[in-house]
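S.K.: Below are the chains, spelled out letter by letter.
There are 2 protein chains.
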Amino acid sequence: MSPSRNGHPSAKPAPKAVVGRVSLYLRRLESLQRQGQAKTSSHQLGEPFGIKNAQVRKDLAFFGQFGRPGIGYDIDDLILVLRSILGVDKDWPLILVGLGNLGRALLRYRGFQSRKFHIVAIFDADPKKVGQVHQGVTVEPLEALRRCVSANKISLALLCVPADAAQAVADQMIGVGIRGILNFAPVPLAVPSHVNVVAVDLSIQLENLAYKVQGSLDGVSWAG
Amino acid sequence: MSPSRNGHPSAKPAPKAVVGRVSLYLRRLESLQRQGQAKTSSHQLGEPFGIKNAQVRKDLAFFGQFGRPGIGYDIDDLILVLRSILGVDKDWPLILVGLGNLGRALLRYRGFQSRKFHIVAIFDADPKKVGQVHQGVTVEPLEALRRCVSANKISLALLCVPADAAQAVADQMIGVGIRGILNFAPVPLAVPSHVNVVAVDLSIQLENLAYKVQGSLDGVSWAG
Numbered sequence: 001m002s003p004s005r006n007g008h009p010s011a012k013p014a015p016k017a018v019v020g021r022v023s024l025y026l027r028r029l030e031s032l033q034r035q036g037q038a039k040t041s042s043h044q045l046g047e048p049f050g051i052k053n054a055q056v057r058k059d060l061a062f063f064g065q066f067g068r069p070g071i072g073y074d075i076d077d078l079i080l081v082l083r084s085i086l087g088v089d090k091d092w093p094l095i096l097v098g099l100g101n102l103g104r105a106l107l108r109y110r111g112f113q114s115r116k117f118h119i120v121a122i123f124d125a126d127p128k129k130v131g132q133v134h135q136g137v138t139v140e141p142l143e144a145l146r147r148c149v150s151a152n153k154i155s156l157a158l159l160c161v162p163a164d165a166a167q168a169v170a171d172q173m174i175g176v177g178i179r180g181i182l183n184f185a186p187v188p189l190a191v192p193s194h195v196n197v198v199a200v201d202l203s204i205q206l207e208n209l210a211y212k213v214q215g216s217l218d219g220v221s222w223a224g
Numbered sequence: 001m002s003p004s005r006n007g008h009p010s011a012k013p014a015p016k017a018v019v020g021r022v023s024l025y026l027r028r029l030e031s032l033q034r035q036g037q038a039k040t041s042s043h044q045l046g047e048p049f050g051i052k053n054a055q056v057r058k059d060l061a062f063f064g065q066f067g068r069p070g071i072g073y074d075i076d077d078l079i080l081v082l083r084s085i086l087g088v089d090k091d092w093p094l095i096l097v098g099l100g101n102l103g104r105a106l107l108r109y110r111g112f113q114s115r116k117f118h119i120v121a122i123f124d125a126d127p128k129k130v131g132q133v134h135q136g137v138t139v140e141p142l143e144a145l146r147r148c149v150s151a152n153k154i155s156l157a158l159l160c161v162p163a164d165a166a167q168a169v170a171d172q173m174i175g176v177g178i179r180g181i182l183n184f185a186p187v188p189l190a191v192p193s194h195v196n197v198v199a200v201d202l203s204i205q206l207e208n209l210a211y212k213v214q215g216s217l218d219g220v221s222w223a224g
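For the protein sequence lines, the chains are A and B, in the order given. Sequential numbering of the first sequence, starting at 1, is according to the working numbering. Sequential numbering of the second sequence, starting at 1, is according to the working numbering.
The shape of chain A in the complex, shown without the other chains:
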């Protein structure tokens, strides 16, 4: 194994699709580790996700030289390296802004907890919600954002407010030092270049599914 400094040998950050697949390989490695396995192969890493072994090798090569021909990957080592590359070798405190149904679902979402993402503060503009306790966390007014973010050195936020409030709340977050926003509001955000946004638009994902299913339902051979 020879990842370079911080495990990032390439001159540019890896594309989103590569990072997404590396997250999947990490899950697979952790599952194999729990089963007591010590070594694995590109084939075994990609197989549950339908990813070919050449693609697995190519994805990992973005970050360094891992594994040995004929021997494969050492599972323990590769888990440590990939966690470091993805930034999930440390805890990430999160704030959640907007406590509607989706916000409440995210508070209980086990996937975050198991990946070292912890919601440490909740904010809502509705005075009736302020002071409520959810999953052990007290809802605060937006005015408390600055103090909380700087006291806890928080970089990441879940934005779950209605579409028409999203940009204003994002601006507030960025103003107090938030660097990454997972945006659940179905609206694009304008942000400065030092801030990253990942948009989670469920209706776009559903349209993607409808598009594929429509093709198979029509009996269209796609050979127009």
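Among the clues, some could well be false.
The list cannot tell twin chains apart, which means a pair is met if one copy fits it or any two copies do.
[Said to hold, decoys possible] In silico SDA-like pairs for lysine to any residue, Cα to Cα no more than 25 angstroms straight-line:
| # | residue 1 | residue 2 |
| --- | --- | --- |
| 1 | K16 | R57 |
| 2 | K116 | A199 |
| 3 | K52 | P192 |
| 4 | K52 | V191 |
| 5 | K39 | G70 |
| 6 | K116 | Q135 |
| 7 | K16 | H118 |
| 8 | K58 | P188 |
| 9 | K90 | R108 |
| 10 | K16 | A54 |
| 11 | K116 | D164 |
| 12 | K90 | V200 |
| 13 | K116 | A163 |
| 14 | K39 | V187 |
| 15 | K52 | V195 |
| 16 | K58 | D201 |
| 17 | K128 | L142 |
| 18 | K90 | Q35 |
| 19 | K52 | E30 |
| 20 | K12 | Q205 |
| 21 | K39 | L189 |
| 22 | K153 | V198 |
| 23 | K12 | E47 |
Hints in this document: simulated from the structure, not taken from any laboratory. Please read these numbers as outputs of a predicted model, since none were measured by experiment.
Start from chain A and add chain B according to the hints.
M.R.: Same frame as chain A, but now just chain B:
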């Protein structure tokens, strides 16, 4: 405008990324239409999403020849064509299986309703939840799945059950005729080739964000 049969001129279905961007262009077109505008340009379509006009033209070219040089796109026409291509020119009844917090959030998710996706039935394995009414829909036991799917000719399902139940429930869905699954369970599904799955793994999206933010926080120039 000269899209070919069903608006699919190419021999293959468009890649997921293209379909996702076309969903964004459609939202932009609808917003411009509401503002009373009649014509638009590639630049105007891509601009709010940070997509360059060459990319907009390339994406649309997957589906046909639209717009005229120097004149641009007719907004009403392009909306109709893109809705037909994406399959959102008709209603899509959905079933939702698994009424936890996320399931409840999805029931109220405005984004689905505004895109012609309607949750018409809810299923849960928990006898305590069966019979409850949420957003006007009565929760049914999984035994009622077959009758409901065939009576309402349903193709799409939202799968919101815990990870360890996901594959078994997916198998049941597919057995009664479901063709597309939006999978919220943080586990990959094995499905036959005529079934499409789009996975919504929020922790993967959050890892992607953490990866980007980590890069900027470290002060790493990525020039390893």
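S.K.: For every hint, state whether the structure bears it out.
M.R.: Status of each hint after checking the structure:
no.: 1; hint: K16 / R57; result: both (17 angstroms within a copy, 22 angstroms between copies)
no.: 2; hint: K116 / A199; result: both (20 angstroms within a copy, 21 angstroms between copies)
no.: 3; hint: K52 / P192; result: between (37 angstroms within a copy, 18 angstroms between copies)
no.: 4; hint: K52 / V191; result: between (36 angstroms within a copy, 17 angstroms between copies)
no.: 5; hint: K39 / G70; result: within (11 angstroms within a copy, 60 angstroms between copies)
no.: 6; hint: K116 / Q135; result: within (16 angstroms within a copy, 34 angstroms between copies)
no.: 7; hint: K16 / H118; result: within (22 angstroms within a copy, 31 angstroms between copies)
no.: 8; hint: K58 / P188; result: between (32 angstroms within a copy, 21 angstroms between copies)
no.: 9; hint: K90 / R108; result: within (21 angstroms within a copy, 34 angstroms between copies)
no.: 10; hint: K16 / A54; result: both (18 angstroms within a copy, 21 angstroms between copies)
no.: 11; hint: K116 / D164; result: between (31 angstroms within a copy, 21 angstroms between copies)
no.: 12; hint: K90 / V200; result: both (24 angstroms within a copy, 24 angstroms between copies)
no.: 13; hint: K116 / A163; result: between (28 angstroms within a copy, 18 angstroms between copies)
no.: 14; hint: K39 / V187; result: between (44 angstroms within a copy, 22 angstroms between copies)
no.: 15; hint: K52 / V195; result: between (34 angstroms within a copy, 20 angstroms between copies)
no.: 16; hint: K58 / D201; result: between (29 angstroms within a copy, 23 angstroms between copies)
no.: 17; hint: K128 / L142; result: within (13 angstroms within a copy, 37 angstroms between copies)
no.: 18; hint: K90 / Q35; result: within (24 angstroms within a copy, 47 angstroms between copies)
no.: 19; hint: K52 / E30; result: within (19 angstroms within a copy, 39 angstroms between copies)
no.: 20; hint: K12 / Q205; result: between (27 angstroms within a copy, 19 angstroms between copies)
no.: 21; hint: K39 / L189; result: between (43 angstroms within a copy, 24 angstroms between copies)
no.: 22; hint: K153 / V198; result: within (20 angstroms within a copy, 35 angstroms between copies)
no.: 23; hint: K12 / E47; result: between (28 angstroms within a copy, 24 angstroms between copies)
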